[in-house]
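When you get a sec, could you build the whole thing from the sequences and use the hints?
Protein chains in written order, with our numbering: chain F, 1 to 116; chain L, 1001 to 1111.
Treat the hints as calculated values from the structure; they're not laboratory data.
Quick caveat, the model's predicted, so the values are computed rather than measured.
Cβ atoms here follow ideal geometry from the backbone N, Cα and C, with glycine treated the same way.
A portion of the hints provided could be inaccurate.
Within a straight-line C-alpha distance of at most 16 angstroms, the following computed EDC-like cross-link-like pairs (lysine to aspartate or glutamate) qualify [claimed, not checked]: (1) K1052/L / E15/F; (2) K1068/L / D1054/L; (3) K83/F / E15/F; (4) K1098/L / E104/F; (5) K9/F / E1042/L.
Simulated coverage check for chain L against chain F, where a stretch passes if three residues somewhere in it have a Cβ under 8 angstroms from a Cβ of chain F [unchecked claim]: (6) 1020-1027; (7) 1076-1085.
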Amino acid sequence: DGGITQSPKYLFRKEGQNVTLSCEQNLNHDAMYWYRQDPGQGLRLIYYSQIVNDFQKGDIAEGYSVSREKKESFPLTVTSAQKNPTAFYLCASSPQTVLSSYNEQFFGPGTRLTVL
Amino acid sequence: GNSVTQMEGPVTLSEEAFLTINCTYTATGYPSLFWYVQYPGEGLQLLLKATKADDKGSNKGFEATYRKETTSFHLEKGSVQVSDSAVYFCALSSSASKIIFGSGTRLSIRP
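What follows is the structure in structure tokens.
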């Protein structure tokens, strides 16, 4: 089955530690995204990547880093510089084909990060 | 800039009631419009979409019509079920690279 997987589903971290969230897709999509969702709120864009080895900052990139070494994978590192990292993190991908300028995004199941 | 404004929740209805969740947008050009649904503890799922004016998106009994004259994309369902309880997000895409999401509307359906 094609889809997007995120692991782990739940993650606990001590203050001051970096942690990496995994996102993998087998949909052959070019673009991938990371969002943060806080309780009762909408989605805020952290980083996105439209092609391998390239990525752009979203609206709240401070304290986060990403890499895009393979088309299928877009891991997110939450660094100790992120002051309030407890949140639900969602990864998404999009085909972004030339024929369709406005592609919908497909989401993974999310990772809930809690800082202890 | 582009933005999406949707009805604040929570919205609580009885089973079989009629549902409307309002969504209006501000955008340059001709955006595509989407409704996503999020069940508790899960990611977002695309519910329906419309890519041009007067298009009607529909899925699972839900409908929304792209109204350019009123810049709206209201979500409707004629008879809701308990299983429709979720958070609903209106969104727009005006470029190939990004989608802008509304703040979400929590819907609760009473048996």
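Here is what the structure says about each hint:
no., hint, verdict
1, K1052/L / E15/F, "violated, 47 angstroms"
2, K1068/L / D1054/L, "holds, 7 angstroms"
3, K83/F / E15/F, "holds, 9 angstroms"
4, K1098/L / E104/F, "holds, 9 angstroms"
5, K9/F / E1042/L, "holds, 10 angstroms"
6, 1020-1027, "violated (count 0)"
7, 1076-1085, "violated (count 0)"
This entry does not satisfy hints 1, 6, 7, going by the numbered hints stated previously.
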